[in-house]
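Student: Next come the chains, spelled out residue by residue.
2 protein chains.
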Amino acid sequence: SVNPDLGSERQTASFSVEKLMALLDGGTEQTQIRRAVVEAIESDPVFSRENQYFQTQNERYEAAVRKAVHLQKKMNEMGWTENGPEYKYIYRALSGDVAFLLHRVFMRSISVLGSDKQIAKWIPLATQHKLIGSYAQTELGHGTYLQGLETTAVFDTATQEFILNTPKISAMKWWPGDMGRSATHTVVFAQLYIHGKCYGIHPFIVQIRSLQDHSLCPGVIAGDIGPKMNFEHIDNGYLLLKNVRIPRENMLSKFCEVRPDGTYVKQGSQKINYFTMTTVRISLISDEVLTPLMKACTIAIRYSVVRRQSKLKPGEQEAKILDYQTQQEKLLPQLAAAYAFHFINDYLQELFNRGYREIQRKNFDMLPELHALSSGFKAVITQHCTAGVEICLRACGGHGYSLLSGLPSLYTKILASCIYEGENTILLLQTARFLIKCFMASNAGQPVPPSVTYLAAVKHGKCPAKNKLDFLSPDIYTEAYQHVAVRLTSSTAAKLQDLIQSGVKKHDAWNQCTVQLVQAAKAHCHYIAVKNFAETVEKLETKAGIQKIMKHLCDLFALHGIFSNTGAFLHDGYTSAAQMDMVTASYLDLLAVIRKDAVPLVDAFDFTDKSLNSALGSYDGQVYQRLYEWAQKSPTNQMSPAYERYLKPLLHNTLSKL
Amino acid sequence: SVNPDLGSERQTASFSVEKLMALLDGGTEQTQIRRAVVEAIESDPVFSRENQYFQTQNERYEAAVRKAVHLQKKMNEMGWTENGPEYKYIYRALSGDVAFLLHRVFMRSISVLGSDKQIAKWIPLATQHKLIGSYAQTELGHGTYLQGLETTAVFDTATQEFILNTPKISAMKWWPGDMGRSATHTVVFAQLYIHGKCYGIHPFIVQIRSLQDHSLCPGVIAGDIGPKMNFEHIDNGYLLLKNVRIPRENMLSKFCEVRPDGTYVKQGSQKINYFTMTTVRISLISDEVLTPLMKACTIAIRYSVVRRQSKLKPGEQEAKILDYQTQQEKLLPQLAAAYAFHFINDYLQELFNRGYREIQRKNFDMLPELHALSSGFKAVITQHCTAGVEICLRACGGHGYSLLSGLPSLYTKILASCIYEGENTILLLQTARFLIKCFMASNAGQPVPPSVTYLAAVKHGKCPAKNKLDFLSPDIYTEAYQHVAVRLTSSTAAKLQDLIQSGVKKHDAWNQCTVQLVQAAKAHCHYIAVKNFAETVEKLETKAGIQKIMKHLCDLFALHGIFSNTGAFLHDGYTSAAQMDMVTASYLDLLAVIRKDAVPLVDAFDFTDKSLNSALGSYDGQVYQRLYEWAQKSPTNQMSPAYERYLKPLLHNTLSKL
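Protein sequences appear in the order of chains B and Y. Counting with full-length UniProt numbering, you get residues 1 to 658 for the letters of the first sequence. Counting with full-length UniProt numbering, you get residues 1 to 658 for the letters of the second sequence.
Hints may be right or wrong, so weigh each one.
Stretch by stretch, here's where chain Y covers chain B in the computed footprint (C-beta under 8 Å, at least three residues) [stated by the list, open to error]:
{"hint": "1", "segment": "21-31"}
{"hint": "2", "segment": "45-58"}
{"hint": "3", "segment": "170-178"}
{"hint": "4", "segment": "224-231"}
{"hint": "5", "segment": "409-416"}
{"hint": "6", "segment": "443-450"}
Please keep in mind that the hints were generated in silico from the structure rather than gathered at the bench. Even glycine gets a Cβ: it sits at the ideal position worked out from N, Cα and C.
The whole structure should be built from the sequences, with the hints applied where relevant.
Tutor: If you want it as structure tokens, here you go:
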């Protein structure tokens, strides 16, 4: 039975939840496929996450391996393939709680970096799981700056082998997933030396464990890096190599080869490889970043209509906490952001598909723009969504802090997305470098990529809004965002030039501008996200109430951004103080409007109870009953040896006299 | 041996670290006492936290109980008493990793709420640990709003007993520390009923477990609430009462008594009790909030001078990451905040001591101000410090994400401080209510407490700064903060009045202003923190470089607040855009200045390696070696059954055909 406090929220939906779900899925057929996958996975007890919050790291690892192996069977059974329409829903249905994710990266890197011969040899072995692969790039002392990697691979012409070494502790491979306990092989990135000359970083296939008994190969020291904030199910590993010899054929050689005599030969363009790395940043957004935020919103919003606290009106029942403006102000902007980023993800996917088609035709012109967008949006979205999940957690008070709410593990997991696949600050500075370059180019009258043509159109006007309703006009707020992005880019470009002209060295000048460059990059992405949301709303069908509610969310996303960052808009007087008061008024008004549809808006994400795995967020809203039932199963409710050992002697005073 | 990259940072300190340490401790004698306590605790293997990151919740609980019992012996051995000068350092030295903290709350509540007779009976029993106490207030469905608690205590005149019940699941006690597995007794807060009439919430001493065999008492269902984001060492519990009878004497009756015939008698003033609750919020700041931030700063800053990444200057060695402006901008404001809040903590302690003396003299005039300050600062400091710890964690990249860095557990623990002892938003609204009241009173010419007299002095001037150096003048920035606090309070008061005058009901009007009221309360606290820091610096001795470096930190704290919140200062034109650019310039300049002393500034916090318990933050900076050594000890480096069960069959293809 559904908690009536939650049930009543669904009766007043201003739109069709099923229609919105289809929009999010990309069509009703997709919804059906998704649901079929979810049903198949969730009805299979091997994939259960029921005891997850009670398990140790060792237990989580074992479960993830069990699931990964079982998944292979399941896919065969169900007729699912890696290229089929179901595939993208499988990982989501498993909530990522499965091993051998790096095995796929191992395969992809061979496909992208290997010669045809290497692909023909290794891919079938990997596909049939005759080996388990990993991908060993990051080192203890080296992450982002690949050129700094210290592992060495010295070519020995006599034996036609590469000799791999970890010359010092900072060169130890550290973090690779599946490597701590599972992998038999890995792709090691190392500095290539031939006849004493360094040729830079290259990839090598290295066997690290016996295929017979899984013991470490000679010269290999490997293990698990230990406890982390999350990802208990993954055996992130370390790897130390001592004179490990591999045959010449094991250097992945699509782009460069070492001939038997030690001649180093470059071949082809590495640009497509570069494109691949760029797409990884986009591909993680949906599963690793948006899904957790959507889950957190679902949990926190459902809980906030079931939880009652204090009285809003004297003499009445305690109020639902979502009726408090402060609670709305915490949660509803996160909900709006989840939708905004869902739509920008669609936009980016489309852009990258286009980019891919161009690259197939050997046209690499789009690469710099794609790199800038993927870097910037990876950083902005992971940052925004991580903060959003934390807000949802805190908005649920003490119960949000219980692992049983599901929110802590969403938070500790999404947090990692700010760090992996490019640390966010560094990525934003990549975007900023592109912006500055394009800004200079525009100023010099040169053509620039479509996403930055607006930089040339510097307008010194003022925001034309006359009353608070004007701020519900997408033209008004989109233009304001554009203005800020241009101002931050142009003013930082000017500072940079001033510094250089005053004699500061280029790299020092750049460093002295980085705090502001980061701001400019964020403003650029924020502008594009707002513009894209507004354009998406414009194109929606006007029936079923979908366009109307999406318009509200778009307005909220835009106005929340202004309200939270008023200085950027006030700075040069583009927006006046009086206009800022209008923004605040419209923004607060919107909270009350969207609050009415908050539950249907999270219902449209269509998470099952099993996928939420939350005592607070279930569809029926029976929060307290579930918390109680769940807590009783905790291993902390078993007898503790602490009683016999310490409590009993203490209470019975048999402890040596205190 | 100290990592030379860390060692070199210490050689250039602009001030005496020992002198600064003495300032923070409140004198060199205090430093000596602190160090003696730390030495005694850390040299005792029972108190070791060495394996903490590898332990399960059950193991953590057992260790905490062991430590709590051992601590009693230790105190006897060392001659430490609860009233001695060592006491405040013990908890810090244990990093709070000890059980029976609620036993002290149990004792305090009896001392404050109990009659002399009750005190005489229960305090000796508790002191001698003939029972283990807890404190059962919060319920599954009720936290902040005490009047909403649902547990009932019905007086039975026939038997002279109270009959305690949990009438529904939402009334179950939930969260009390030490109650899940340890406590034999607890203070239960329940609605008192006599002859069918409800007299509101009262405290009752209830035995929940047998003193003989620790089994649950008849009618009592209790256990552990299961896994949480942190506090694995604490057995937060649940408690369900079914017709549990306790003698009439067990209602704590300092302020109200139920006579044998059921007559309800109120006596004395509860104001002093109210004061006690207020002081708890202040007392947690130092141990639970400042210490974690200081530890996080120590870890992140030491790591940031040892970690090298990318090249700042072409052709040179990779740079220390603390030399990047973006890294400085993440960490140094947190360091400044740690100092700012240390000094505001001193200020609050002093104010509360004064308040206590007044209250002893039956003068309760200071109570509203103390309540507003304790609420506001509890919220502002916990929020700021929690965000600060998270920034430190993220600034350490992947290694920060490892539990072995110590940062994840600092974060997950400090996060709870935003929720317990009053949820932050609710506390800020309490402060705001006080501000609005005082603002109205000032306007009506009535006297107001000292901390808010500034509200009357609304100035419509402009910031007089003419160049970036002017913003290093405390008068300039303190006045700017004051201006913002006044503006936010007065504009929200005006909005509130307008709404009410336009016919909106008072409670609705209040709710519609809460987002802005929260802003006003924060601005008030921020102003006081800046002002207090500036005044503290003013009073410091000018020798040994202490005043100079503290002045820089004060400037940074103030300018970072403006830089991060420019809109508030720009809004009504008090600060112009040109002035804001000066703020930015001065702020960024300061980062480079303070960066030079960053390591000595964290060294002054004087954390031992054992108390940091961090592979990244040790005094010698041997980060990589320590991470590797530590990881090898992880239980995840033991043989996993997953190999025999799943990996071997998979690799050997003995699994049923895939």
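Student: Take the hints in turn and mark each one as holding or not.
Tutor: Do the hints match the structure? See the list:
{"no.": "1", "hint": "21-31", "verdict": "violated (count 0)"}
{"no.": "2", "hint": "45-58", "verdict": "holds (count 5)"}
{"no.": "3", "hint": "170-178", "verdict": "holds (count 4)"}
{"no.": "4", "hint": "224-231", "verdict": "holds (count 6)"}
{"no.": "5", "hint": "409-416", "verdict": "holds (count 3)"}
{"no.": "6", "hint": "443-450", "verdict": "violated (count 0)"}
Consistency note: the structure conflicts with the earlier hints numbered 1 and 6.
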